[in-house]
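Visitor: Numbering-wise (my numbering), the sequence shown opens with residue 365 and increments by one.
It is possible that some hints are incorrect.
Said to hold, decoys possible - For each label pair, taking beta carbons as the anchor points, the in silico distance ranges come out as:
| id | residue 1 | residue 2 | range |
| --- | --- | --- | --- |
| 1 | 411 | 505 | 20 to 28 angstroms |
| 2 | 513 | 465 | 24 to 32 angstroms |
| 3 | 429 | 452 | 24 to 32 angstroms |
Bear in mind the hints are in silico, worked out from the structure with no lab data behind them. Nothing here was measured: the structure is a model prediction, and the numbers come from that model. Backbone N, C-alpha and C define an ideal beta-carbon position, used for all residues, glycine too.
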Amino acid sequence: MTLRYMNQKRNLTIVNCITTSLLAFVLTIPMHELFHLLTFYVYGFGNQVTVFSATCVGFDEQQVAFGNLAPFHRVMVAGGSASILNTIIGMVLFFVLLKCRMGSLMRVFLTQLMGAHLATGFGYFMIDPLTQLGDWGNVFATFPDAPGIVLTMRIVLFVLGAAGIVFTFFALNYMSYYFIEDPADKHERLYVATKLHMVMLIVAVIVGCIGGVISPASGSSYFAVIFANMEWIVFFWAFMFTWVMVKHPKESRFLYGIPQESNYLLLIISVALILIDLFVLGPGISLLNS
Numbered sequence: 365m366t367l368r369y370m371n372q373k374r375n376l377t378i379v380n381c382i383t384t385s386l387l388a389f390v391l392t393i394p395m396h397e398l399f400h401l402l403t404f405y406v407y408g409f410g411n412q413v414t415v416f417s418a419t420c421v422g423f424d425e426q427q428v429a430f431g432n433l434a435p436f437h438r439v440m441v442a443g444g445s446a447s448i449l450n451t452i453i454g455m456v457l458f459f460v461l462l463k464c465r466m467g468s469l470m471r472v473f474l475t476q477l478m479g480a481h482l483a484t485g486f487g488y489f490m491i492d493p494l495t496q497l498g499d500w501g502n503v504f505a506t507f508p509d510a511p512g513i514v515l516t517m518r519i520v521l522f523v524l525g526a527a528g529i530v531f532t533f534f535a536l537n538y539m540s541y542y543f544i545e546d547p548a549d550k551h552e553r554l555y556v557a558t559k560l561h562m563v564m565l566i567v568a569v570i571v572g573c574i575g576g577v578i579s580p581a582s583g584s585s586y587f588a589v590i591f592a593n594m595e596w597i598v599f600f601w602a603f604m605f606t607w608v609m610v611k612h613p614k615e616s617r618f619l620y621g622i623p624q625e626s627n628y629l630l631l632i633i634s635v636a637l638i639l640i641d642l643f644v645l646g647p648g649i650s651l652l653n654s
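Let the hints inform the model, and build the full structure from the sequences given.
Guide: Spelled out as structure tokens, the structure:
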């Protein structure tokens with residue numbers, strides 16, 4: 365059994381992975397809402413935005429004339445832009461990780477960030493068409509006289525989202541093996557999958573649920589808050605794929621070890637950003653007078 369990951373007495377890999385998970389979260393969900401805010405401003409509706417928070421953007425629906433916009437632009441303003449950008453960022457990171465060499469801590473962070481953006485983007489594509497909720501539920505509501513267009517969008521988005529979520533499982537599993545020296549070692553696979561994927565899952569669900577309760581949209585039930593964080597389930601399946609569910613590669617692609625020496629400055633920055641996310645942006649910042 366490979367024991368290189370147990371050699372050092374002061375093994376702080378868990379601290380590093382919590383740090384990178386916090387950063388990946390704060391650069392995904394609040395960024396998703398920032399994409400919404402920027403879209404309103406780009407289309408000239410910035411003065412209709414009433415509140416910006418880490419989990420939602422409020423606007424005066426009566427004043428935003430969706431019907432005057434061409435279909436593509438209507439989709440962008442009503443809510444589609446953010447999940448599309450999440451997906452694009454996730455795919456760009458996937459190819460960056462495939463083609464570029466980098467430090468091991470950066471590699472851990474970008475792997476988790478890739479998974480977070482893909483989970484968010486494809487998650488919206490897959491889940492929203494099944495309901496009248498979420499960003500794409502808002503988009504569908506702007507086409508009240510075009511049920512055929514709405515049905516087509518629901519089908520296309522669901523298929524794309526479902527395929528994208530499955531792709532994300534395999535992409536995260538593939539990236540795991542850059543950290544695994546002996547692919548046949550089940551214990552090493554468990555070790556890496558836990559630090560790389562399970563930690564991200566736990567951090568994202570805890571922070572996401574706290575943020576959901578604090579949010580201006582917290583009129584939703586606790587079940588709705590939990591349901592809204594189901595996108596992070598991709599990290600559970602990535603964990604399972606790497607550990608036991610998908611046959612490991614025959615040849616090692618090991619290039620990096622998960623860093624064992626913690627970067628305390630980065631940890632402080634990550635915690636500070638999460639606290640700002642939860643307790644400053646979380647309750648929402650009023651933009652009524654902007």
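Visitor: Hint by hint, note whether the structure agrees.
Guide: These are the hints, each one checked on the structure:
1. As the Cβ distance of residue 411 to residue 505 is approximately 22 angstroms, the hint placing it in 20 to 28 angstroms holds.
2. Range check, residue 513 to residue 465: Cβ separation about 45 angstroms, and the 24 to 32 angstroms hint is violated.
3. Taking 24 to 32 angstroms as the suggested C-beta distance range, the pair residue 429 and residue 452 conforms, at roughly 27 angstroms.
In the structure shown, a violation is registered for the earlier hint numbered 2 alone.
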